[in-house]
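K.L.:
Sequence:
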Amino acid sequence: MEALVAVSLSGNVVQFVQLAVKLMSEAKSMNETGWPRSLTSLKGLVDSLSKQTEMIHTQLTAKASVVPLAEEDQYLITVATECQKTGADFLKYLDTFIHDQPTNGFQKVGKTIKLHFSKHRVDSFVAEIDRMQSALMLAAILALRTSTHTTNQGQNEPLTDLDDQKQQRIEEMEGVRKLQAQHRENRILSWLTFRQMSYRYEEVSLAYQQTYSWIFEEPTVDHNWDSFTAHLIRDVSRPYFINGKAGSGKSTLMKYILDHSITKDLLQRWASTDNMKLVTTCYFFWNLGTPLQKTAAGLVRSLLWNILREYPELIPAVFPDLYQNWENNMNDHMNEHMNEHMNEPTSNDIKRAWKLLLEKSEDFLKIAIFIDGIDEFDEDHSDLTDFITSMCSPRVKLIVSSRPINASMHGFSGCPSLRLQDLTRRDMEAYIQGNLASHPIMLSLAATHSEVSRKIIRDIKEKAEGVFLWVRLVVKLLLDGLRGGDSIEELESKLCSLPRGLKELYRRMISQIPPEYRNQAVEILQILETWRGSVELVFRVLLLHFALRPPQESLDQPIGPLKDDAVMFYSQQTAARVQSRCCGLLEVTHAEVFEMYTTTRTLASIVELKVDYLHRTVAEFLKSEHFKSEMEGFVDPTQACYERLVAACLSFMKISGTLPTRIIIMMHATFMIRLYTKAPPKVRGRLGKYITAMDNCLTAYDKHSKIHDRQQLRMYPDGGEHWSPCILNLHTMFQLLGRGSVCGHIAGSNLDCTPAADQKRYKRKTNILTLASSLGFTQYLQEQSSTSDFNPVSLLSFALYSWGERISEPICLEDRRDTLLFLLLKVSEDGNEADRANVHGFGEVYTSRDQRELDVFRACCIIGTVSFQSWTDRLTAVELRDLISRLQRDEDPENQQLGSRLSICVDERIHGNECCSYCRISGHTRKMCPQRSGPNGREENPVRTGRVRKRKGRKGKR
7 MEALVAVSLS
17 GNVVQFVQLA
27 VKLMSEAKSM
37 NETGWPRSLT
47 SLKGLVDSLS
57 KQTEMIHTQL
67 TAKASVVPLA
77 EEDQYLITVA
87 TECQKTGADF
97 LKYLDTFIHD
107 QPTNGFQKVG
117 KTIKLHFSKH
127 RVDSFVAEID
137 RMQSALMLAA
147 ILALRTSTHT
157 TNQGQNEPLT
167 DLDDQKQQRI
177 EEMEGVRKLQ
187 AQHRENRILS
197 WLTFRQMSYR
207 YEEVSLAYQQ
217 TYSWIFEEPT
227 VDHNWDSFTA
237 HLIRDVSRPY
247 FINGKAGSGK
257 STLMKYILDH
267 SITKDLLQRW
277 ASTDNMKLVT
287 TCYFFWNLGT
297 PLQKTAAGLV
307 RSLLWNILRE
317 YPELIPAVFP
327 DLYQNWENNM
337 NDHMNEHMNE
347 HMNEPTSNDI
357 KRAWKLLLEK
367 SEDFLKIAIF
377 IDGIDEFDED
387 HSDLTDFITS
397 MCSPRVKLIV
407 SSRPINASMH
417 GFSGCPSLRL
427 QDLTRRDMEA
437 YIQGNLASHP
447 IMLSLAATHS
457 EVSRKIIRDI
467 KEKAEGVFLW
477 VRLVVKLLLD
487 GLRGGDSIEE
497 LESKLCSLPR
507 GLKELYRRMI
517 SQIPPEYRNQ
527 AVEILQILET
537 WRGSVELVFR
547 VLLLHFALRP
557 PQESLDQPIG
567 PLKDDAVMFY
577 SQQTAARVQS
587 RCCGLLEVTH
597 AEVFEMYTTT
607 RTLASIVELK
617 VDYLHRTVAE
627 FLKSEHFKSE
637 MEGFVDPTQA
647 CYERLVAACL
657 SFMKISGTLP
667 TRIIIMMHAT
677 FMIRLYTKAP
687 PKVRGRLGKY
697 ITAMDNCLTA
707 YDKHSKIHDR
717 QQLRMYPDGG
727 EHWSPCILNL
737 HTMFQLLGRG
747 SVCGHIAGSN
757 LDCTPAADQK
767 RYKRKTNILT
777 LASSLGFTQY
787 LQEQSSTSDF
797 NPVSLLSFAL
807 YSWGERISEP
817 ICLEDRRDTL
827 LFLLLKVSED
837 GNEADRANVH
847 GFGEVYTSRD
857 QRELDVFRAC
867 CIIGTVSFQS
877 WTDRLTAVEL
887 RDLISRLQRD
897 EDPENQQLGS
907 RLSICVDERI
917 HGNECCSYCR
927 ISGHTRKMCP
937 QRSGPNGREE
947 NPVRTGRVRK
957 RKGRKGKR
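In the working numbering, the protein residues as written are 7 to 964.
The set of hints was computed from the structure by calculation and includes no laboratory data. Fair warning: there could be bad hints in the mix.
[As the list claims (entries may be wrong)] Here are the simulated SDA-like pairs of lysine to any residue, each with C-alpha atoms no more than 25 Å apart in a straight line: (1) K500 x G490; (2) K300 x K467; (3) K634 x V458; (4) K57 x Q90; (5) K270 x P322; (6) K467 x H416; (7) K709 x G490; (8) K832 x T698; (9) K270 x Q90.
[Claimed, not checked] Simulated DEER-style distance windows between Cβ atoms: (10) D570 x K629: 32 to 40 Å; (11) P686 x S630: 18 to 26 Å; (12) D465 x Q518: 15 to 23 Å; (13) P899 x K569: 48 to 56 Å.
The beta-carbon is built from N, C-alpha and C at its ideal position, and this holds for glycine as well.
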């Protein structure tokens, strides 16, 4: 190939690659939203690709007419021809959508669904383009290298500049390939990670001074345990098992081992004996955390992420299909985040990936894995111990910890191990000496009562029975006594009266709460439990301050930041209240500060302190039936906690200011959404006024932003007319199967919220009611149905959003069902014939892989629409009867009632009173149906009355 032709050709190939990346971005947008950003622009990109390949083809065929083509050049022609043909076919496919553009909201939704069901055509085309761009780049590189070699042989000196240009083109194309590879690797790592993956490890307290140093010593005759250092430096085929009672300090020991330099040195020696590299990773299960923090899926995803982050070159081998097929969108970070949520790794994905990781790294990598808290695993413990044992090999070393539950004791029997409570007496003595015995007051008492002082220290160690947490609590109680003026005899008496065991100690501590504080203590404990069960993020002290106020005050509170001294006072006052009312069961600690989002000291103070359980055993004790029965007279109803927390979030939003705290404002709006969603149905009626107040607050912030700086202070991007699309996006981010640091993802995204595309797609004005429709807030919609903004036809468009498969964690079926049925009935009452026809048209094209979900959707559509002709054409009598039967046998009583309503609807509105809805034969009604009547002529299992009995199957069959 001639030099000038080669340089021009390589430039065309680079342009082709750039166009291909843009095309994949459009295809990715369609997969996420169900509709591309612009069909016209998508067609334009495909057309540009075709023209680019035509230019490549023309250049090469022109040369072929003069001289024979080299093998590399001929391959380029073949790829270009194939690309032209693929582009022409896809252009014809796109024309079917462009020439028949929808004209109203429901037609667009229906068109979107149809395009979604045919997206395999788009995916197939994108995969072909991805393959062809790689082939074109490879062929161009080979052709250029061949041309360079030929040219250098004949004209080394005159063509030096052209050679440099060609080499630059080659380097550019190789750089593009590397960039694409790196981008795919980062996307796959982001796909694996999840929110709070390392949160438990970070929360575990550090070991006290020199405690636990004995772990690196050799065992003595007096202590029967297996050498830990020997396990680290040798090839072993079984895990090292650390077992201990609840509160004995297992997690603290695991963190101490993991962070210690001796551990790193010993493991490095182990790896270097075979000239291999080392990677060390860990996972701390947490029963109080998110679902992924206590399941096998979270464990393996975390291990994969940690190892592949250090050795990204393994990613193509570990996820070969995913690596080849992942879309190459390099610009849209928020869409990237949303795409990750919509494609959660499946159990098969991660299991297959783990096997491939071990297989592909066996020649150069040794892996050390630390797993803490097997007893906090939320699935079958025997399956976990079997999986851990199966992972062990001479090149995969495991160290695990657990309470002595049956599954772990049986699964790890015969493994090298230690029992922690037998080995911590020296550590406990060091802690007691450092915190109690060295206290100035205790030193003064010990000077005259040395024997009693030594006895107190000895008794603490004996009564603790190896439970370090018990020592911490008792030392704190004795220190409180010292500060209160207790004598040495009173300290000894107090210690003797304290029970052994954590639960008994907790019960004793609660019983000693002063009566005037008892109600407040239980109220604080319940508020924290409700928050942790709904939001699953840290609970800020200032938020607790607002939650302890009467909820009505949040509605009356003006919008505006608090002064610094007020913030500090409220935080310190609430922290002191927690410590005095909750007798040490809760602790106030410093959390990470959102300094990246703040410009004032005020907000740093707002988020600096958090409230949490002292230990997991505290949460277990507070959830026990025994504790609840004791506190029955003091317990504030749980529903009051939801109202208090929603009101607290509203207050937090109102004091948070404008631009510097935009993220904090939106986060707490999202918390309000989560709390409303989690609240029992009978409680939601009291929460509607706070949702309306939230809307007013955010609207006021945005109005303030527009006045002060139209470009910088908007509450949401993309020129939207309301903040709700932004909240809808954040709500999806915070779903339980969420990923990574929430704040990190928000900061990186600049709040580029894709749900704003719903405004463009439906061309409807968004407001708080459209958000309520999208999230299934039926009761709120019912409350607002008399307002001027309530338009059931428009709202139904947004309600259908929650039925799409593009949402990572859909709104619960019950909420979607109630909202859909409510709005359908409203459309039937108030809408015109065109609206009802459009609604019905969407119902016909909707489908779902979940049969239960599809049944509920179809039943709602049949009950909620007037025209049934197309339904009767589509569903046979048998299918309708089966649909009713499945709903009536559903475990949810509301779905059973839905089935009964559908049965009546079929009777009265499809077949009429002269046709039996059971056998579909005219001439008699259901009541007189001979196939349904018993021997006495009485109707069996009457559906009209709603009294539905389960059918009894034969034994052994469902």
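K.L.:
Taking the hints in turn, state whether each one holds.
P.N.:
Hint-by-hint comparison with the structure:
| no. | hint | in the structure |
| --- | --- | --- |
| 1 | K500 x G490 | 13 Å, holds |
| 2 | K300 x K467 | 33 Å, violated |
| 3 | K634 x V458 | 39 Å, violated |
| 4 | K57 x Q90 | 8 Å, holds |
| 5 | K270 x P322 | 28 Å, violated |
| 6 | K467 x H416 | 30 Å, violated |
| 7 | K709 x G490 | 55 Å, violated |
| 8 | K832 x T698 | 22 Å, holds |
| 9 | K270 x Q90 | 57 Å, violated |
| 10 | D570 x K629: 32 to 40 Å | 38 Å, holds |
| 11 | P686 x S630: 18 to 26 Å | 22 Å, holds |
| 12 | D465 x Q518: 15 to 23 Å | 20 Å, holds |
| 13 | P899 x K569: 48 to 56 Å | 52 Å, holds |
When each numbered hint is compared with the structure, violations occur for hints 2, 3, 5, 6, 7 and 9.
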